[in-house]
Amino acid sequence: MARLTFTRIWAIGRKEFMHLRRDRLTGGMVAGIPLMLTLLFGYAINNDVRHLRAAVVDEASTSASRALVQDAVATQVLDVVASARSARELERMIATNVISVGIYIPPDFEQHRARRSPPYAQVFVDDSDPIVLSAVRGLTTLGATDGRGEQSMMALRPLYNPERRSVVFIVPGLCGVILTLTMVLFTAIAIVRERERGNLELLITTPISSLELMIGKIIPYVLIGYVQISLIMLLGVTLFDVPVRGSWWDFYAGAGIFVLSTLTLGLLISTAAQTQFQAFQMTFMSFLPQMLLSGFMFPFEGMPRPAQWLAELFPLTHFLRIVRGVVLRDASLVMMRDDIWPLAVIFLVLISLATLRFRKRLD
Amino acid sequence: MSAIAIHTEHLTRRFGAVTAVDDLSLDVPAGTIHGFLGPNGCGKSTTIRMLCGLLRPTAGSARVLDVDVQSDPEALKRRIGYMTQKFSLYDDLSVLENLTFMAEVHSLPRATRQQRIMRQLTRFGLARRTAQLAGTLSGGQRQRLALAAVSLHAPDLLFLDEPTSAVDPQSRREFWDFLFELVDEGHTILVTTHFMDEAERCHGLTILDHGRLVASGEPRALLEALPATVLEVSSPVARRVHDLLAADPAVIDMAQLGTRLHVLVRPDVPAAEQHVSARLLEAAVEAQVRQVSPNLEDVFVMATRGS
Ligand SMILES: Nc1ncnc2c1ncn2[C@@H]1O[C@H](COP(=O)(O)OP(=O)(O)OP(=O)(O)O)[C@@H](O)[C@H]1O
Ligand SMILES: [Mg+2]
Chain A
1 MARLTFTRIW
11 AIGRKEFMHL
21 RRDRLTGGMV
31 AGIPLMLTLL
41 FGYAINNDVR
51 HLRAAVVDEA
61 STSASRALVQ
71 DAVATQVLDV
81 VASARSAREL
91 ERMIATNVIS
101 VGIYIPPDFE
111 QHRARRSPPY
121 AQVFVDDSDP
131 IVLSAVRGLT
141 TLGATDGRGE
151 QSMMALRPLY
161 NPERRSVVFI
171 VPGLCGVILT
181 LTMVLFTAIA
191 IVRERERGNL
201 ELLITTPISS
211 LELMIGKIIP
221 YVLIGYVQIS
231 LIMLLGVTLF
241 DVPVRGSWWD
251 FYAGAGIFVL
261 STLTLGLLIS
271 TAAQTQFQAF
281 QMTFMSFLPQ
291 MLLSGFMFPF
301 EGMPRPAQWL
311 AELFPLTHFL
321 RIVRGVVLRD
331 ASLVMMRDDI
341 WPLAVIFLVL
351 ISLATLRFRK
361 RLD
Chain B
1 MSAIAIHTEH
11 LTRRFGAVTA
21 VDDLSLDVPA
31 GTIHGFLGPN
41 GCGKSTTIRM
51 LCGLLRPTAG
61 SARVLDVDVQ
71 SDPEALKRRI
81 GYMTQKFSLY
91 DDLSVLENLT
101 FMAEVHSLPR
111 ATRQQRIMRQ
121 LTRFGLARRT
131 AQLAGTLSGG
141 QRQRLALAAV
151 SLHAPDLLFL
161 DEPTSAVDPQ
171 SRREFWDFLF
181 ELVDEGHTIL
191 VTTHFMDEAE
201 RCHGLTILDH
211 GRLVASGEPR
221 ALLEALPATV
231 LEVSSPVARR
241 VHDLLAADPA
251 VIDMAQLGTR
261 LHVLVRPDVP
271 AAEQHVSARL
281 LEAAVEAQVR
291 QVSPNLEDVF
301 VMATRGS
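Line order of the protein sequences matches chains A and B.
Positions 1 to 363 (the working numbering) are the ones given, in order, by the first sequence.
Positions 1 to 307 (the working numbering) are the ones given, in order, by the second sequence.
Please note that a few of the clues may not be correct.
As the list claims (entries may be wrong) - As a list, the in silico SDA-like pairs of lysine to any residue whose alpha-carbon atoms are at most 20 Å apart: (1) K86(B) - E201(A); (2) K86(B) - D338(A); (3) K360(A) - T271(A); (4) K86(B) - R201(B); (5) K360(A) - N199(A); (6) K360(A) - T130(B); (7) K360(A) - E201(A); (8) K86(B) - D363(A); (9) K360(A) - F15(B).
Note that these hints are calculated values from the structure, not bench results.
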């Protein structure tokens with residue numbers, strides 16, 4: 001193999017940067033996709049339903065009933081936005097969409113408590129919205145707080161694994177998901193674009209070697225990958241109070257290996273695709289199984305064995321473990337080595353495949 | 001370097017049922033400009049691609065600059081420049097950025113890089129457009145940029161695929177002056193063209209038709225060997241003359257130039273001038289007929305007619 005020349009690698013890398021700078025759309029994707037997806041997952045696709053409009057009718061009006069209402073409000077699941085005088089009025093307000101939740105505490109609330117025979121109170125729910133229904137279902141399992149260690153009041157009990165559902169858990173994983181999408185996409189079109197625009201015929205008549213071309217195509221996107229994860233973590237830390245328990249160095253080092261492995265996956269796609277459209281299709285074909293099987297969407301342990309084996313081949317699976325370990329559990333990279341070396345292997349295998357597949361020929 | 005820059009033997013390339021290049025054997029002496037002529041789709045670009053090592057021949061072999069193209073194309077790529085038919089530099093990079101990129105890809109020494117780029121910029125009249133994006137250049141400016149880029153590293157052999165198709169006559173002249181400068185410095189150039197005035201400037205020509213070599217040699221030799229007598233017929237009713245002569249089996253081909261007709265007559269017709277005059281007189285058509293010397297277009301037409 002010919003000696004690698006830094007000048008040539010640099011020429012390719014710098015040229016890629018210039019393309020990015022002039023291509024508003026792709027350039028916009030660098031910041032746009034992480035921003036959009038992080039905010040989307042952080043706020044909108046947030047499984048903790050909050051601030052449902054509610055009204056309360058407290059016909060018992062004891063200190064315990066008032067405490068119950070206060071605790072309900074304190075969960076932030078409910079915002080009391082209207083007042084009502086009877087259960088019937090609550091029903092009417094739900095029907096007219098003034099509120100979506102009504103809490104009715106009957107006059108015999110204290111008697112029920114004394115007899116320990118729930119339910120003490122009723123929750124009216126606009127169950128035409130299944131998400132509201134499932135959120136409020138937690139409210140129906142209330143107990144009374146009387147300091148005797150009973151089930152705490154008004155705590156909304158999430159239906160699934162509470163940790164997985166919280167934004168704290170999602171944001172570090174998002175780093176992996178977003179990079180899996182953008183990194184692969186960037187490099188998947190990197191060579192195909194040259195082919196489509198006719199630049200390749202000139203490029204392959206120059207002394208540049210396949211490996212120089214591959215490395216040159218990767219370099220700028222490593223930087224861009226770092227910009228993206230920094231942006232995601234910045235949003236996570238400032239907006240969603242994601243705690244970073246491990247070291248930032250470990251986080252960035254782990255991310256670096258992951259970025260390299262996803263970039264080379266893109267390169268491999270780029271050597272196989274004939275058009276940019278095909279490259280897009282292949283990118284999504286590689287993205288979907290990673291998204292579904294890596295443990296981002298569904299718990300890894302719950303998947304059937306063959307699916308788990310398959311998932312071990314995906315960079316995202318390993319990165320999710322690394323990032324959750326480092327960010328949430330204060331693990332060091334050394335502790336995560338079982339997921340570091342697979343990423344390194346994936347990188348080496350993919351870049352070799354891409355280099356070998358890329359021919360300086362037209363046929 | 002040997003005296004032969006390009007040597008092919010029975011070079012053949014098929015695309016499915018299409019034979020793009022058919023049994024082409026060719027020698028191009030070093031230090032000359034060699035012209036490739038032929039109708040659209042006759043295999044000029046395909047031949048060049050094989051000579052650059054970009055396409056594998058279906059059969060036959062090629063040695064370029066004493067390198068076997070099949071076995072060691074990379075050794076060749078340092079020493080050649082290939083200007084593609086379609087503009088293949090980067091539209092979204094400026095003139096200067098494109099040239100710098102090419103200089104770096106060819107690993108030109110840093111010390112001479114800047115100086116070489118400046119020389120090419122002045123030579124090709126692009127010095128005042130360094131910051132302009134290549135995609136916004138005019139067609140001819142783009143071709144000048146492409147030529148500047150592929151000759152930047154002073155390659156021993158330049159392949160130019162229709163380098164002047166969009167260039168104005170004045171710039172084409174300067175362009176050819178530059179080609180002759182390169183040849184004086186010892187470079188070899190293979191150029192395809194559809195312009196006969198450019199063909200005439202070449203040291204040697206190869207005419208292809210349907211992938212086959214149908215004529216080759218120096219322009220002058222090709223003209224002398226033309227298997228036809230060339231007449232010029234002037235007439236106010238040139239169209240009528242055209243129709244009359246089209247029916248004459250002695251006439252091979254005609255081209256109308258305003259009120260004149262350029263007529264190729266079979267070489268076995270004795271006294272072609274009198275033959276045509278008599279034919280026109282019979283039809284009572286007023287016309288002057290005279291024999292003229294053939295041009296390369298006649299050679300081209302005769303060579304590519306047999307299909
Ligand atoms: N990749 C390909 N696949 C299939 N057919 C091809 C391919 N490349 C060229 N051909 C065919 O081979 C023949 C020669 O094409 P080529 O491009 O070499 O012609 P050319 O002489 O350069 O023509 P022009 O003057 O129009 O540039 C044509 O019939 C063309 O359709
Ligand atoms: Mg062509």
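Quick rundown of the hints versus the structure:
{"no.": "1", "hint": "K86(B) - E201(A)", "in the structure": "holds (10 Å)"}
{"no.": "2", "hint": "K86(B) - D338(A)", "in the structure": "violated (50 Å)"}
{"no.": "3", "hint": "K360(A) - T271(A)", "in the structure": "holds (11 Å)"}
{"no.": "4", "hint": "K86(B) - R201(B)", "in the structure": "violated (23 Å)"}
{"no.": "5", "hint": "K360(A) - N199(A)", "in the structure": "holds (12 Å)"}
{"no.": "6", "hint": "K360(A) - T130(B)", "in the structure": "violated (30 Å)"}
{"no.": "7", "hint": "K360(A) - E201(A)", "in the structure": "holds (9 Å)"}
{"no.": "8", "hint": "K86(B) - D363(A)", "in the structure": "holds (18 Å)"}
{"no.": "9", "hint": "K360(A) - F15(B)", "in the structure": "holds (19 Å)"}
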